[in-house]
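With chain A's structure known, arrange chain B on it following the hints.
There are 2 protein chains.
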Amino acid sequence: MKKILTLVFVYVSAISVTLAQQKKQLDLDAVTEAHFLKGIQNLQDLVSIPNDSNDPSQLVPNITWCEENLDGRGWNTKRLETGGFPLLFAEKMVPKAKKTVLFYFHIDGQPVDRKRWEQADPYQPTLKKLNDSGKWEAMPMEVLENSYDPEWRIFARSSSDDKGPFAMFLTAWDAMVEHGKMPNYNVKIILDFEEEIGSPYLPESVVKYKDILAADMMLIMDGPRHLSNEPTLSFGARGISQITLTVFGPRAAQHSGHYGNYAPNPAFRLSQLLASMKDDEGRVIIPGFYDGIQLTDAEKAILDRVPDNEADIKRKLGIGATDKVGGTYQESIQYPSLNIRGMASGWVGDEVRTIVPADATAEIDIRLVPESDPERLFALVRKHIEDHGYHVLDRDPTDAERVKYPKLIKWEGSVSYQAFRTPFDSEPGLWLEKAYMRAFGKEPIKIRISGGSLPIAPFVDALQVPAVTVVTVNSDNNQHGPNENIRLGNYKEGIKTALAILTQEL
Amino acid sequence: MKKILTLVFVYVSAISVTLAQQKKQLDLDAVTEAHFLKGIQNLQDLVSIPNDSNDPSQLVPNITWCEENLDGRGWNTKRLETGGFPLLFAEKMVPKAKKTVLFYFHIDGQPVDRKRWEQADPYQPTLKKLNDSGKWEAMPMEVLENSYDPEWRIFARSSSDDKGPFAMFLTAWDAMVEHGKMPNYNVKIILDFEEEIGSPYLPESVVKYKDILAADMMLIMDGPRHLSNEPTLSFGARGISQITLTVFGPRAAQHSGHYGNYAPNPAFRLSQLLASMKDDEGRVIIPGFYDGIQLTDAEKAILDRVPDNEADIKRKLGIGATDKVGGTYQESIQYPSLNIRGMASGWVGDEVRTIVPADATAEIDIRLVPESDPERLFALVRKHIEDHGYHVLDRDPTDAERVKYPKLIKWEGSVSYQAFRTPFDSEPGLWLEKAYMRAFGKEPIKIRISGGSLPIAPFVDALQVPAVTVVTVNSDNNQHGPNENIRLGNYKEGIKTALAILTQEL
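For the record, the sequence lines run as chains A and B.
Using our numbering, the first residue of the first sequence is number 1, and each one after it goes up by one.
Using our numbering, the first residue of the second sequence is number 1, and each one after it goes up by one.
The following block holds chain A by itself, in its conformation from the complex:
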């Protein structure tokens, strides 16, 4: 009997320790600091794997790394097959949990234009500090073992977008486990490997796997903090659709001496067409483009609470004036955009040739808000093009069409994903605010909708869950461009943010 009692006592006391440990609030700052260097190692390991989603062969070692790193931490992982590259799903069920939170990250990155990077290899993470002459100067990674400055940065493709946040999450998870803690909710993770090419198979896959993905809310860890670099939550994201327009000139490029003044120049024609779409202050003048968006005074007041310093933004961007779609930065992103992301005709620079080019191409992206259905916008833009005298094709013209129609254009349009917007006072909004209060001792900046796009609308639609974006990285991270980077201070506070969320009772 005594033996039994002792055993019971030992058992109860073991439970007590665990409960006590769990009850005790973690010192988020101290725990984060203690795990920072391990976090840097996680980041380095992950960004060292090339991840251009235009090249699926590059994605294979990425998904393998993620599987190994989740399996090794005791998660159940599963590849979800899609029409393209698989999604990776992982889950961690917690006994007695009442709620489930689904985290989203993407592991792929934009292509790299190596000659424009100021380091030998965009996939070789490089620690840099800003030197006295304002240049980023490389340092050996080992200096971090002695001390570091939060202003230093690690440069590598996807350091911010979006491998950095996933590395923060893994680091926070390890820190939590090491301190004997677990979330009081079930955790699911979905990793996307095709975000930078518009997640073409995500919408159908979310529907296909909606039982597996089912959750009470979804947190997207992707994107930068507010420009002030203060802790930020973002409650929505613009959607994105794209159109490639190709205006046709002569069938083959022609000598500009022989046919300049005679063969219509497709670059001029494209310029004239594009110019007709916007006024001198960047507002789209295609009728109906902004229909349905009417910011009320109450909404404008919410937007005004975001502490934007527009003079700073302009200085940072190096611009003397802004487009006038909205009265402020926050207002501007409540509207759909019509952006030329790329344009090409003939050759420029060292390769220039004295020709009338054969064609001219504009790559357009249209960012969407909940009020702007992309098919409606496409129809408006298409009608505008037709009203300018163009015969619109979905392929290159035939010889007969070339001679028949004075103005020919090819239209290739597609919708990647719609916009979403979650109310500030939704369940995730209120819960995350508590986690941020614990981590930072103050309310986060709350963004009504962020300008960038996330493939979240399919989740919102299929799973019927509210979604909030937990943004952590520095806004000047050069994401999508050369010299992408993450600021060490943001990386560390990102670990702390993830740790606060994982340990916040739901």
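What the hints contain is simulated information worked out from the structure, not anything from laboratory work.
Note that the list lumps identical chains together, so a pair holds whenever it fits in one copy or between two copies.
Below, in silico cross-link-like pairs of lysine-lysine (DSSO-like), each with a Cα-Cα straight-line distance of 30 Å or less:
hint, residue 1, residue 2
1, 135, 410
2, 300, 404
3, 314, 410
4, 404, 324
5, 181, 92
6, 210, 92
7, 98, 442
8, 404, 135
Same frame as chain A, but now just chain B:
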């Protein structure tokens, strides 16, 4: 005495044979036919040497080849040093000659975009015939030894522009010499190795070497025949100048989600600026651009004598309508042009990135006529840009300038060469007509000014000589673009043209 008489007889008789030989008219067709295959070999040898004038190291084997081939034929050659790659000068003095004719050729070529050529190597001349399905089909060069079709073509960079004509000239020279003939005038040759990069040092070099180059007239063997492919002479050429315009957006490319609708898009701005320069029918609407050009009825009648078939031209170019600068093709090239030869911003196609680009560039070429001084046109275009609110720089902006000026543009302008125009009834005009009558039994088509540019105005100005362009190649030779070629029939008639000119008494 008898011995002496015999010697005298032998001597006189030797002279008589030579004189008889010289008096006897050559059968131009038969002689050309007999030398055709040697001519093809000359062409192959020359176009096999890569000759992109952006890479001077490629030019060295070209100038060496030309020296060896002229020295070997008994010409005196001399490199004329310039600020860039040397010119090659050659001369052949003829005893008792009263006149001197200077021939101009260029040996360099445009760059090649290998992936757009339908053959492994643009510097590996490839014989092709049009097959039944309308595709150019390669054949071994050896088939020419049995028979050939004038419609077959040899594809290679510079096959038409302008190594082909120099190979014709060398072939005609050899044919003439083999038949014991010589011109009755002194012949000088100047070879340019920087024509495709605008012959930047030619104007100053012609002044520097004007005593060496002195001549009574200048013949430029470069450029295509009239579209009808009938024998053609061209009495002038438009000049050429160029402007590179760079419109600045944000200092670095920005994520189009975060800054679309806010950071002004340089591609849109460039489009708007370019669009403002022309009307919908391709006419420049910058005031004053066409000043000084008033075609009289007499001039229009001369232009109308050129047998253009505009429906054919449009079909050939694959265009449904033409720009309306002139009422006809010939009229259109009596005016300066404003052509966008290249345009670029951000990335397109597989490399597309969802950004607001940092800048947008337009490469413009302005073709000149004698009435349009390029500096005057530059001033008009520049004022037009300033009137659209741009602050114009000749370099990239500083950070302070970026914030100060809402619209910033970089202007890089240069004049390659002016236009020239020689009267039809000038000495070379009348003399060449006789040579063409001998060769073809009919008057050539006479072009008042050709659309393309030749670096001839510096010669006309410095040497005070009339200049005429002897054009021989097929107009659909794809010069400057991929798949440049020469039609065998044109190559052969080009040899005959050169032979007729070399043997035409002056």
